[in-house]
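Chemist: Chains as they are written, first to last, in my numbering: chain A, 1 to 244; chain B, 1 to 116.
These aren't lab readings, by the way, just hints derived from the structure by calculation. Just so you know, not all the hints are guaranteed correct.
Computed footprint of chain B on chain A; a stretch qualifies when at least three of its residues, placed anywhere within it, have a C-beta under 8 Å from a C-beta of chain B [to be verified]:
(1) 65–76
(2) 204–211
(3) 217–231
All residues carry an ideal CB built from backbone N, CA and C; glycine is no exception.
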Amino acid sequence: MQDMTEQETMLEVAIWRGGADGRFVTYEVPLRANQTVLDVVTEVQRRHEPALAYRFACRVGVCGSCAMTVNGAPKWTCRTHVKQVAATGKITIEPLRNLPRIKDLATDMTGFFEKWDRAGGRFRGSATRHDEPARVDPASRQRQYADAGIECINCAVCYAACEVVAWDDAYYGPAALNRAWTLVNDERHAATKQTLADASDRGGCGNCHSQGSCVRHCPIGLNPTRSIAGLKRMSLLQFVGMGR
Amino acid sequence: MMARSGNHPSYWAFLGHRLSGLALAVFLPVHFLFLGLALDGAAAMDAALAFTDQPLVKVAEWGLVMLLALHFFFGLRVLALEFLPWRDGSGLRASWIVYGAGGALAIGAVFLFGVF
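The following block holds chain A by itself, in its conformation from the complex (with noise of 0.2 Å):
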């Protein structure tokens, strides 16, 4: 048994310990065949620093709360296997960018939903519970645009991912826009031109670079360059009078 334990491959992690001005400390796990980062997190927390701080809820890529910086990148560690990102053995585990440092790989993430909120997210329906539910044609232009985005769960990697978030603060970022673009296409929602015009604000649509960062990053594959495209194309029809 003992020699089984000195055979095993060992996996060097180094991961941030404290906040904003903490440091980087590594390390040993046991190399496994099917291992997440999240499970190396874990693994971390339970043998060697029971004082780690971090998020996670679901373990499957639904809950979108272990988002961290892996290797310099932004991922939900939950669906990273080590294997995809430890070529040379070692792991680097930070926080996710942009956002405060609370402790370890815990970020604050109040700012970022303050975005969400400024950017026109909150949905405004003027049915009541007595009306007959809307009757939508999921063919239609509009529902199309709307579905193409309609998954995100605010895990916040597009927003670690973006350079634009980096340097102006005031950008409410991919995830808060791609939000305001399903709203603006979702034929109930009875606040179009407010969300329009919040989501064309000073940190709004007009700040995007079309870096095309959030799109290579996000964990399901949606496209928040594409809805932030469609926000700036809208609010320019909306200027010159064009708009619906």
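Model the placement of chain B on the given structure of chain A, informed by the hints.
Modeler: Only chain B this time, still in chain A's reference frame:
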């Protein structure tokens, strides 16, 4: 160091567009200064034109032509991304980056053949 999240062709195209734009903006006052010399008479303008005939200045002009071409092609891509409909598969129009960079190189080559 460039962040890993920004290490992809679409981001490089953004950098190319932004840096070429800044470089051209820095060059513009020099360009206007040269053109303004014509107001001082033919002699001043001729002296300036003689200066631009030097090989090193021609190489610098080639750089400007490349910057202008790159800025033009990458700018067209941004306009396409933001104003044309996104069909399935059109994505971030990565092929336009390759065509744009190729087009800029071709224009640069034509300029070099013209002057040397």
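Chemist: Each hint: holds or not?
Modeler: We went through each hint and held it up to the structure:
1. Only when three residues or more bring their CB closer than 8 Å to a CB of chain B does the claim for the segment 65–76 of chain A stand; here the count is 4, and the claim holds.
2. Beta-carbon proximity to chain B at under 8 Å applies to 3 residues in the segment 204–211 of chain A; the threshold of 3 is reached and the given coverage holds.
3. Here's how the segment 217–231 of chain A fares: 5 of its residues keep a CB closer than 8 Å to some CB of chain B, so the rule of at least three is met and the hint holds.
Consistency with the previously given hints is maintained throughout, with no hint failing.
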